[in-house]
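I would like the entire structure built from these sequences, with the hints used as guidance.
Single-letter residue listing:
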Amino acid sequence: MNKIKVSFKVNNKDYEIETTPLRRLLDILREDLKLMGTKEGCGEGECGACSVLIDGELSLACITPATQLEGKEILTIEGISDKDGEPSYIQKAFIDKGAVQCGFCTPGFVMATHKYIKDGGSNDETKIKEALSGNFCRCTGYAKIVDGVKEAIVRHNDKEAK
Amino acid sequence: MISVLRPKTTKELFEILDKEDKNYLFLAGGTDIMPSIKKGIEKREDLIDLSFLKKGFSGVYRDKTNIIVKSLTTFAKIQKDELLNKHFPSFIKASKLIGGYTIQGMATIAGNIVNASPAADSLPSLLTLNAKVTLLSSNGERIIELKDFYKGYKNLEIKNNEIISNIIIPTSDYQADFIEVGTRKAMSITKVSLAYAYKDKNIFLSAGSAFAYPKRLFATEKRFFEKDLTKKDFEIILKEDVSPLDDIRSSGNYRFNVLRNLVFSLYQELQK
Ligand SMILES: Cc1cc2nc3c(=O)[nH]c(=O)nc-3n(C[C@H](O)[C@H](O)[C@H](O)COP(=O)(O)OP(=O)(O)OC[C@H]3O[C@@H](n4cnc5c(N)ncnc54)[C@H](O)[C@@H]3O)c2cc1C
Ligand code: FES
Ligand code: FES
Chain X
31 MNKIKVSFKV
41 NNKDYEIETT
51 PLRRLLDILR
61 EDLKLMGTKE
71 GCGEGECGAC
81 SVLIDGELSL
91 ACITPATQLE
101 GKEILTIEGI
111 SDKDGEPSYI
121 QKAFIDKGAV
131 QCGFCTPGFV
141 MATHKYIKDG
151 GSNDETKIKE
161 ALSGNFCRCT
171 GYAKIVDGVK
181 EAIVRHNDKE
191 AK
Chain G
3 MISVLRPKTT
13 KELFEILDKE
23 DKNYLFLAGG
33 TDIMPSIKKG
43 IEKREDLIDL
53 SFLKKGFSGV
63 YRDKTNIIVK
73 SLTTFAKIQK
83 DELLNKHFPS
93 FIKASKLIGG
103 YTIQGMATIA
113 GNIVNASPAA
123 DSLPSLLTLN
133 AKVTLLSSNG
143 ERIIELKDFY
153 KGYKNLEIKN
163 NEIISNIIIP
173 TSDYQADFIE
183 VGTRKAMSIT
193 KVSLAYAYKD
203 KNIFLSAGSA
213 FAYPKRLFAT
223 EKRFFEKDLT
233 KKDFEIILKE
243 DVSPLDDIRS
253 SGNYRFNVLR
263 NLVFSLYQEL
273 QK
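In order, the protein sequence lines correspond to chains X and G. So for the first sequence, my numbering puts the first residue at 31; every next one is plus one. So for the second sequence, my numbering puts the first residue at 3; every next one is plus one.
It should be emphasised that the hints constitute simulated quantities derived from the structure, not laboratory data. It should be emphasised that the depicted structure is a prediction, and the values quoted were computed from it without experimental measurement.
These stretches of chain G come out as covered by chain X in the derived footprint (C-beta under 8 Å, 3 or more residues):
no.: 1; stretch: 3–12
no.: 2; stretch: 45–55
no.: 3; stretch: 105–119
Think about it this way: if two alpha-carbon atoms lie no more than 25 Å apart in a straight line, the pair counts; the simulated DSS-like pairs of lysine-lysine are:
no.: 4; chain 1: G; residue 1: K134; chain 2: G; residue 2: K203
no.: 5; chain 1: G; residue 1: K203; chain 2: G; residue 2: K229
no.: 6; chain 1: X; residue 1: K102; chain 2: G; residue 2: K13
no.: 7; chain 1: G; residue 1: K98; chain 2: X; residue 2: K159
no.: 8; chain 1: X; residue 1: K148; chain 2: G; residue 2: K56
no.: 9; chain 1: G; residue 1: K82; chain 2: X; residue 2: K159
no.: 10; chain 1: G; residue 1: K40; chain 2: X; residue 2: K64
no.: 11; chain 1: X; residue 1: K35; chain 2: G; residue 2: K57
no.: 12; chain 1: G; residue 1: K98; chain 2: X; residue 2: K157
no.: 13; chain 1: X; residue 1: K102; chain 2: G; residue 2: K57
no.: 14; chain 1: X; residue 1: K159; chain 2: G; residue 2: K95
no.: 15; chain 1: X; residue 1: K33; chain 2: G; residue 2: K13
no.: 16; chain 1: X; residue 1: K102; chain 2: G; residue 2: K56
no.: 17; chain 1: X; residue 1: K33; chain 2: G; residue 2: K21
no.: 18; chain 1: G; residue 1: K82; chain 2: X; residue 2: K148
no.: 19; chain 1: G; residue 1: K95; chain 2: X; residue 2: K148
no.: 20; chain 1: G; residue 1: K13; chain 2: X; residue 2: K35
no.: 21; chain 1: X; residue 1: K180; chain 2: G; residue 2: K98
no.: 22; chain 1: X; residue 1: K64; chain 2: X; residue 2: K43
no.: 23; chain 1: G; residue 1: K56; chain 2: X; residue 2: K39
no.: 24; chain 1: G; residue 1: K88; chain 2: X; residue 2: K159
Beta carbons: idealized from backbone N, C-alpha and C, even for Gly.
Below you can see the structure in the form of structure tokens.
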């Protein structure tokens, strides 16, 4: 495969890399940038473990090729930690509501929740389920995750009110 | 060896397409292409990345009689669009069935149309809304009906030097909706859907996951408002819409029977 140069931002930091055009964003994050928070589950777009935001849109790093990254702003789970590795309020809400068991799916769910709250999502259960419909969890059953999202919305609103 | 070309403008794109008569793969959202390459289902190795053109080919607008969806608009954008929500709620409902929210942020409408899967969720709805597609090449545009875009299994009315630039949906006062049976995850096997749009004694029908490729049910449409039809009658009528090429038999009669039941229930409801 021909090599290409691509420039993009990850969590507000600039990168320029040389790679093959169909190399997956997932591999760039994990192998080149050593950002291990984004997980590989199915590798085929089905499970959502690799969810990140690209230019504000929820996207799957396992099916996003390098060629499509030019000029893009990527946000990963590492980028939404509150400060210096401290878990974000979403992660804390998930933990408090028992929405985390093995934890493998959690980064993906947290990214989906971040996107949902950022877009002004309400605690309407149907809407929450729609927003999480691309993410799968083998452990928890979804009820606790929905509780986690609702709790995160409450904490987000508290933060905003302050 | 896989090669990826990255045109920065439409002019550059058409220079590539006019130079060599090749059946390129256009990387739009990549949600079909990337998994298919990985699984070895997609063997074509010449790709053109459309991501630099995305801005120009994304968005929804209207003219006097149509709502126009530019080809690289994602389903996430489609779902948020006010014009589409106002005029075509059935199409919005269909687009929400595509994959999950993650896929919807990436998947484009042109990708869904060209993928031409019998299970593609947006297509039955678009077919009953009488959508058209604009095919763009260096020679200009040609507009064709979506129903004529599908000529057979994996046989599409598009030339190697063309891309889809717009999807045109005429506004109308037809009532449109669709019914779906089966679970969403089981994409290919158990899901069957029926999209319809009707007004007075006119109806447009199209089924999802029932045939080898997306199509309208013309024979059934013609006879749909006859009086006192039975389930058995619909079985006979629907068979006229099934061509020998359709792989409906491969999954037994299951999907055909589900489709017949869906059509018959709709018939009963609209007779009232
Ligand atoms: C996990 C998963 C679940 C899915 N679930 C569903 C589902 O429930 N329902 C459903 O309908 N689909 C589903 N899909 C399939 C897919 O997401 C859709 O078909 C999507 O709309 C494809 O769009 P894309 O932009 O990603 O296409 P791409 O993968 O980029 O391209 C697909 C095809 O379209 C062609 N193409 C793209 N743009 C153009 C253009 N402008 N002009 C001409 N040709 C073009 C390409 O050459 C290629 O052949 C799923 C996919 C995945 C991975
Ligand atoms: S690893 Fe990307 S969706 Fe499963
Ligand atoms: S907590 Fe284990 S997969 Fe979700």
